[in-house]
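Visitor: Now for the letters of each chain:
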Amino acid sequence: GDSVTQMEGPVTLSEEAFLTINCTYTATGYPSLFWYVQYPGEGLQLLLKATKADDKGSNKGFEATYRKETTSFHLEKGSVQVSDSAVYFCALRNQGGKLIFGQGTELSVKP
Amino acid sequence: SQTIHQWPATLVQPVGSPLSLECTVEGTSNPNLYWYRQAAGRGLQLLFYSVGIGQISSEVPQNLSASRPQDRQFILSSKKLLLSDSGFYLCAWSVPGQGSANIQYFGAGTRLSVL
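Protein sequences appear in the order of chains R and V.
Counting in this note's numbering, the first sequence runs from 1 upward without gaps.
Counting in this note's numbering, the second sequence runs from 112 upward without gaps.
By construction, these hints were calculated from the structure, which means they are not laboratory data.
Please read these numbers as outputs of a predicted model, since none were measured by experiment.
Just to be clear, a hint being listed does not mean it is correct.
Said to hold, decoys possible - Not close to chain V: a few residues of chain R, all C-beta gaps over 12 angstroms, as computed:
| # | residue |
| --- | --- |
| 1 | S58 |
| 2 | L99 |
| 3 | V109 |
As the list claims (entries may be wrong) - Once the Cα atoms are required to be at most 35 angstroms apart in a straight line, the calculated DSBU-like pairs of lysine-lysine come out as:
| # | chain 1 | residue 1 | chain 2 | residue 2 |
| --- | --- | --- | --- | --- |
| 4 | V | K191 | R | K98 |
| 5 | R | K98 | R | K49 |
| 6 | R | K98 | V | K190 |
| 7 | R | K56 | R | K98 |
| 8 | R | K98 | R | K68 |
| 9 | R | K68 | R | K56 |
Here a beta-carbon is modelled for each residue, glycine too, at the ideal position from N, C-alpha and C.
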C-alpha cells in the first residue's frame, strides 16, 4: 500500500543551522505531496505542497522539491530559528483521495 | 473565511466512561470531514471520514464511532473508553472535488487521557 517514511527524530540543531528532514514515499500514480507542521500543543498546519514532479513548494523559508525519480520530498531550510521547533509531518494524497502521513520528525532548535 | 473548531481541548476520562468529541466547521458548505488520532510518538492515523450528512466511512476497526448529524458537525464517540484510546484527536476538513491537490485543514486537536 501507499506509505510515507520520514527520518527519525528528534533532530536537534543550533539556531541558524541548515535543516534537512528526509521524506520518501511509496505510491501508485502521481500523488500530491505535503509538509505539515505541528507546533507544541497545537493542531497541524499546512507548511507547503507540491502537486507534480519537479514542483518546488516553499513557505516561511522552507522548501521541498517533488522528486519522482527518487520518490522523495525532503524538507530544507537554510537557517533555522528557535521558533521553528515543532513536529514536521510529510504526507501524500493518493489517487483515492486519502491523506497518508509519515510518523513525524521532531525538530528542536537551541539558541 | 473558513474556520474549524474542536472541543474540548483537553479531556481526562476514566476507563469505561463514554466519550463525545465535537468538531464544527464554519464558512463552507458540504465539506469532507475527517477524524484522525495521533498516538504518543507516532504519526497520524485516519479513523473516519465523511462526505455528507449521515455518511461515515471507518478506516480501522476500533472502539470508537463517528456521526455527522449536520452538514458541518462531526462527532467522535465511544460508549466505553479503553486505556488504548488515549491520544491526540484531530478533526480536519477539505473542499470536495479538488482532485489530488486537495488540502486538508486541521483543528487544534483534543488531548484525551484515559486513566
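Visitor: With a cut-off of 35 angstroms on the C-alpha distance, tell me whether K191/V and K98/R pass.
Guide: holds (29 angstroms)
Visitor: Does the claim that V109/R lies off the interface hold, with its Cβ farther than 12 angstroms from every Cβ of chain V?
Guide: holds (20 angstroms)
Visitor: Is the nearest CB of chain V more than 12 angstroms from the CB of S58/R?
Guide: Holds: least Cβ distance 16 angstroms, greater than 12 angstroms.
Visitor: Please work out if K98/R and K49/R have their alpha carbons no farther apart than 35 angstroms.
Guide: Given pair K98/R, K49/R holds - Cα atoms ~15 angstroms apart, limit 35 angstroms.
Visitor: Does the claim that L99/R lies off the interface hold, with its Cβ farther than 12 angstroms from every Cβ of chain V?
Guide: violated (6 angstroms)
Visitor: Is the straight-line distance between the alpha-carbon of K68/R and that of K56/R 35 angstroms or less?
Guide: Judged against 35 angstroms, a Cα distance of about 12 angstroms means the pair holds.
Visitor: Holds or violated: are the alpha carbons of K56/R and K98/R at most 35 angstroms from each other?
Guide: holds (22 angstroms)
Visitor: Given the proposed pairing of K98/R with K190/V, does the C-alpha separation stay at or below 35 angstroms?
Guide: holds (28 angstroms)
Visitor: Would you check the hint for K98/R and K68/R, treating anything up to 35 angstroms between C-alpha atoms as holding?
Guide: holds (19 angstroms)
When held up to the earlier numbered hints, the structure conflicts with hint 2 and nothing else.
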